[in-house]
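Given only the sequences and the hints, what does the whole structure look like? Please build it.
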Amino acid sequence: MTTRSISFPLSVSQRIAIGALCLFLGAFLTWGVGMAQDSRMHNAAHDTRHAIGFPCH
Amino acid sequence: MLTRVLLAVLLCGMAAGLAMGAMQHFRLTPLILQAETFEHAEAGHSHGTTISQEPAQESASAEWAPQDGTERTVYTFAASILASAGFAALLAGAALMTGKTISRKSGWLWGLCGFIAMTLAPAAGLAPELPGMPAADLFARQIWWLFTIAATASALWLLAFKREPWAVVLALALVIIPHIIGAPQPTEHESGVPAALASQFVGASLGANAAMWLLIGILLGYVLPKAEAAEAS
Chain A
1 MTTRSISFPL SVSQRIAIGA LCLFLGAFLT WGVGMAQDSR MHNAAHDTRH
51 AIGFPCH
Chain B
1001 MLTRVLLAVL LCGMAAGLAM GAMQHFRLTP LILQAETFEH AEAGHSHGTT
1051 ISQEPAQESA SAEWAPQDGT ERTVYTFAAS ILASAGFAAL LAGAALMTGK
1101 TISRKSGWLW GLCGFIAMTL APAAGLAPEL PGMPAADLFA RQIWWLFTIA
1151 ATASALWLLA FKREPWAVVL ALALVIIPHI IGAPQPTEHE SGVPAALASQ
1201 FVGASLGANA AMWLLIGILL GYVLPKAEAA EAS
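Quick mapping for you: the protein sequence lines, in order, are chains A and B. Position 7 of the first sequence, counted from 1, bears residue number 7 in the numbering used here, the numbering being contiguous throughout. In the numbering used here, each residue's number is its place in the second sequence (first place is 1) plus 1000.
No lab work stands behind these hints, which were simulated from the structure alone. Source: prediction; values computed, not measured. Ideal placement from N, C-alpha and C gives every residue a C-beta, glycine not left out. The reader is advised that the hints may include incorrect statements.
Per the computed footprint, the stretches of chain A lying under chain B, defined by three or more beta-carbons under 8 Å from a beta-carbon of chain B, are [what the hints assert, rightly or not]:
hint, region
1, 17 to 29
2, 32 to 38
3, 45 to 56
One side of the interface only, derived from the structure: several residues of chain B facing chain A at Cβ under 7 Å [stated by the list, open to error]:
hint, residue
4, Gln-1024
5, Leu-1028
6, Pro-1128
7, Glu-1164
Cβ pair distances, simulated, as ranges [as the list claims (entries may be wrong)]:
hint, chain 1, residue 1, chain 2, residue 2, range
8, B, Ala-1022, A, Pro-9, 33 to 39 Å
9, A, Ser-11, B, Ala-1022, 35 to 41 Å
10, A, Ser-11, B, Glu-1188, 54 to 60 Å
11, A, Val-12, B, Val-1168, 23 to 29 Å
12, A, Pro-9, B, Trp-1166, 30 to 36 Å
13, A, Pro-9, B, Gly-1182, 43 to 49 Å
Here it is in structure tokens:
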């Protein structure tokens, strides 16, 4: 995990844009599968919530 | 636009999620189904005297739920694939935002750190649990869970990328503080689910999650640099 900022193919602003998009999408997916309280979403993802160790019901 | 990088990240996560789904199907779901028989048996002759914090009885509700069998399996696979895609996006997003590379050499380490922050640290306070086990208030647990993940991930970042003594001290504090505060626990641990089944589930869950995270890290290490290069050219 060395820092090699010179060798990045993408510019800093590109990295930040795509990084922010990844974080947002990642948080959205994680929330949807693991934390959303809607009972249909809970029931659909029930076994995965237990398997991944999300706090569940 | 940067769709190639995003697509690469999501595909890495989905592939690892497919593997996670398979591990669940063969090792974890059978334990969940077994626990549910105890949960339902208990609900059948419960007199409401012992368990005050019994989780909501999903079976009793009229809400939609996938049919046991193929439908439930398909939903479980889909949920695992989406969750894993989400984890891959979080890991790649953290690396991209902070200007670090996930390379072929370091991919497994990134995955290991994801496992430590997202699974192992919260599990130290809130062990993966089977249906029918008593637990504290859900919202309190979710808050503690999120806080522990954020603190542990920050600590790992400091340990990996900072060498100054203050960073090491801060990292240790961030790792320890959530566990000094302590995860919300139920008032009693009485449960119809046998302890042997519960401990088997914890071990199998941690193992499967470790494999999923390592796979996410390794795949990102192979794919992400290529996708970045393709995007830039």
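Original post:
Hint by hint, which ones does this structure get wrong, listed from lowest number up?
Top reply: As far as the earlier hints go, only 7 is violated by this structure.
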